[in-house]
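So the number in the numbering used here is just where the residue sits in the sequence shown, counting from 1, plus 299.
Rather than coming from a laboratory, the hints here were simulated on the basis of the structure.
Hints should not be assumed to be uniformly reliable.
[Said to hold, decoys possible] The calculated label-pair distances, taken between Cβ atoms and stated as ranges, are:
#, residue 1, residue 2, range
1, His508, Ala682, 39 to 49 angstroms
2, Tyr594, Gly956, 17 to 27 angstroms
3, Ala482, Leu612, 51 to 61 angstroms
4, Gly1067, Leu1285, 11 to 21 angstroms
5, His508, Thr970, 48 to 58 angstroms
6, Asn664, Val1097, 34 to 44 angstroms
7, Ile1211, Val1126, 17 to 27 angstroms
8, Trp1185, Pro1068, 23 to 33 angstroms
9, Gly953, Val1033, 45 to 55 angstroms
10, Thr1223, Trp519, 15 to 25 angstroms
11, Lys893, Gly953, 23 to 33 angstroms
These numbers come from a predicted model, not from an experiment.
The C-beta atom is built at its ideal place from N, Cα and C for all residues, glycine as well.
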Amino acid sequence: MGCSHLAAGASALALTAALSVGPAWAQDGEVEEIVVTGTLIGGAPTGAIPVQVFSSGELQKRGDPTPLEFVKNLPAVSNTVGESNRINGQNSGAVTVNLRGLGASRTLVLLNGHRLPIVQSAGSGVDVAMIPTAAIGRVEVLTDGAAATYGSDAIAGVVNYITKSNFDGLEIDATYNAIRKSAGDWSANVAWGTVGDWGNVLLTAGYKHRSVLQQDERDWGLYPQTVNPQSGWSANGSPGAYLTGATRSVAGFNQGFVDPGCLALGGVLTGSGNAARCQFYQGPFNNLVDEIDGYQVYGEVNFQVADEHRLHLEALASGHVVPREVQNPSYAPSNYPLATTAGGNNPFPAPAGTEGARGYYIPGNHPGLQTLIALNPGAFSAAQLTNIAANGVLTSNAGWRPYGYSGNPLTGEGFHSRREMHLKRFSGGLSGSLGRGISYEVNATWAEQTNERITSEITAPNLQYALLGLGGFGCTPGGSNPATSTPGQGPCLWFNPFSTGMPGNAHTLVQNPQYAQALALNPQVANSEEVIRYLEANPYAFYEWSRIFEANVVLDGDLPWRLWSEAPISWAAGAQYRWQQDKKDLPDATNILKNPCPMFGVTSCTTPTGVLTFFGAQKPWDLEGEVFAFFGELKIPVTDRLEAQVAIRHEDLGDIGTTTNPKLAVRWDATDFLTLRGSIGTTFKSPDLTNLGDDFLTSGGVVTQLGAFRPIDIYNNPDLQPETATTYNVGTIVDIGSFRATLDYYAIDFEGAIERDTAASMITAFFGPSLSSPNRCTSNPQDPWWNLQQRFTFTGGVGDPATCGLANLLRTKNLFTNARDYKVRGVDATWSLDLPEILDGQVQVGGDLNYIIKYEASAFFSEGIELEPAEDVAGTMNAGPAIPRWKANAYVQYTRGGHNLRLTVRYLDGMIDNRPSIFPPTSTNRFAEKIDAYVPVDLIYRVELPGDTTATLGVINLFDRDPPAARLDFAYNTYTADPLGRVYRLTLRKRF
């Protein structure tokens, strides 16, 4: 077959000149063998499909971009996971590719033409941060549907990372990025290879490190609550809000108050009476960049086992660790302890028909509460003082969290959570000739990616015990020994959530004057390390394995027929078997099968949320699926100037069904300088195994109308069907002297997209845009809104009519369905022009762009209710995901001898935030309703030094452009822009 890797693949290397990207030259000057992405047939590429090729030399001229930078700067890519975003599935460290903005799961990512495992927490995409950077010879990006060649997932296109095949020698490189207010990022790689008549060997290893960059280290990162209340402000504060009353009942507790230490600790007071809140700002506790350590080890052997037979073996081990993903100091509780009458430990009476109040009970003799009253007697009415002494207080479910402005007592900042991913992958096969012009490839690939997520949390029953003075590992609440079961005595410890237990503001370092005074009154107001460790004894954790096995047999050759061309008709045919496994293990505290209720040992409750205060417990799973595929392809030279490519693939998806996908691509060399091309085909994506299960994952988000963070339980759906699409591409290639360009019009008709309804759209549809809006609450099961109401958990339980209301909302259930259809139309263009010599040097200008003509989405329905209307979302942003109309890069490059200087301007179009505004129409504050364009400039200088040494000096974001402001948690759009500011880069590369 003439392929260096056993890939069902194929490069449009002939296109590289037209795409302003140089050919993928081997280090010793020989051209690497062709692997064509988008076709099964070996030999010369057709150019009938749009493939962009980026050689390692080209990437060096671009300043050795990181995997995240490379992906994020591709004009065809939108919404890249990669920057820190703890709101988005706990995926810190991962980097995904999202062609056409259709979702990372709809872009197929390959290594040497074969699959890698997907990462569920990163949008079911492949984590390209695992790719062995030092081994990559080029990257091929196919921006056209490719199911006829590759099967599932290639709706938007394919990205194929191809390793070096003729590397001979030893090369070492190191890169350092200097970033303001950060220790900087750095990486190092080593590659060794040898080439002989028998074949070649390639061995590489790499290490990378990203340093922490805190949100408060950027002057655009923090906003006052009155300017941008959606940038991390929450009504669930600490100091917090509480309730008390004349009778110990939910109805009787009708006197609200806010901890009077709010302002001294940096909080913002809003509202009045029972609606008064101490607004908490999580922005100062966020990291724009988390600390990440990663490694990559890769080995490859190509061995000529006989005259016309070649063995290929490759192995990869890579991973990355985020040791301290910094989050809120604590989460606002959404799960509450059971009443003692229901087997729990909350002595506060449960409302009729429920198993517990939606709050944590604090007795009147709590030392933190008593000192708070003693130091602030004027903050409480006489009735409140009487009621507190007699009946205690209840935390407000809409205005309280265990700790906030004072930071997490164990870390001094936010929760520290751990994210760890590792990949093992082995691939090997044999290729050669069977005689009579027929070539073969057989290949098998196995890979496993592990995903460990340990998120700090507080245990609900432990929190309630500690508020009663019965916290601590040695305490035995309800025991017969008073020495170990008396509140605040011996091993039984108090947790103090009041400002009297807060030394100061962890961000501003302003001291709380009442802390020392309270400590003098009662030393028990100080929270001990032991009681905090007791609260945080059980993290929200899971351990996930994603495994794949793929086996291929491909034959190809030439038919004995010709049409009106000297070239024969070529063919390829083959079969593929794919197996996938997704497995998740859980510790007991996260396992809903072992601890379904908010009390250890209680296994029956009306609302099984688990034992943690915020995250819901999950089910473990072990899911497997198999796919059998048969495929074929013809390359038909009709004339010497007209060529057609016809492909078809049939896949048996097991219980999901079968699918058959054809594709036709045509290339016509109309003149010596003008080529026309076009393609049409169908493509699909089968549901991920985990989406077909009956489990759920807990995430969260700010409820705009409440100004408070609430959990979201994201449920899978066993009734999902495959997504389908028809893709079209019509384009031209122009090559006139020193000018080369491509222009392609693409169309995607995408049906049955697997999406989940969003909490924001559900809440707005049901409750309206504000707290005062009329809602759809009903007690009639026949009401059309009844089923949607069951998706909300209120203080009275799931869908409870009696407590149905936005102020009582505790959590929302989202569900994956085959939801919207999309019609996407757009234009891709690339160009380059060689100018006359200037000062004995070569000058080239060029660039690439993507323009989205329309991105029409059908109406989104949930439980029969229209949540979002049919709309064209091009040029808009909605809760993070963004579809900019224009995205482009333009460069000018000067080369003279061993010197290369390149200036690149990157353009990301402005967008409209199409979410309902948090501000009333009469407000003069229209902050970030229009997201500004983002236009950074990069300057890269590369010089060849004596001794086979190359140095690259770069300034990324030369003019230090800030990312455009957005009404989002990190104050900018993490999927599209860059938070770093100006970065100084130095790369040294030494060849031996």
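Range agreement (Cβ of Gly953 with Cβ of Lys893, hint 23 to 33 angstroms): For Lys893 and Gly953 the Cβ distance comes to about 31 angstroms; the hint holds.
Pairwise beta carbon distance, Asn664 to Val1097, judged against the given window 34 to 44 angstroms: holds, 35 angstroms
Supplied distance hint 17 to 27 angstroms, evaluated on CB atoms of Ile1211 and Val1126: holds, 21 angstroms
Outcome for the supplied range 39 to 49 angstroms, where the beta carbon pair is His508 and Ala682: Violated, at about 59 angstroms.
Thr970 and His508 - C-beta distance against the hinted 48 to 58 angstroms: Since the Cβ atoms of His508 and Thr970 sit about 52 angstroms apart, the hinted range of 48 to 58 angstroms holds.
Status of the given 17 to 27 angstroms range, CB of Gly956 versus CB of Tyr594: violated, 41 angstroms
Cβ distance range 15 to 25 angstroms for Thr1223 and Trp519, holds or violated: holds, 21 angstroms
CB-CB spacing for Leu1285 and Gly1067 relative to the 11 to 21 angstroms hint: violated, 55 angstroms
Whether the CB-CB distance between Gly953 and Val1033 falls inside 45 to 55 angstroms: Because 47 angstroms falls inside the window, the suggested range holds.
Pairwise beta carbon distance, Trp1185 to Pro1068, judged against the given window 23 to 33 angstroms: Given a distance of about 30 angstroms, which is inside 23 to 33 angstroms, the answer is holds.
Outcome for the supplied range 51 to 61 angstroms, where the beta carbon pair is Ala482 and Leu612: With a Cβ separation near 39 angstroms, Ala482 and Leu612 fall outside 51 to 61 angstroms, so the hint is violated.
Violated hints, in rising order: 1, 2, 3, 4; the structure is consistent with all others.
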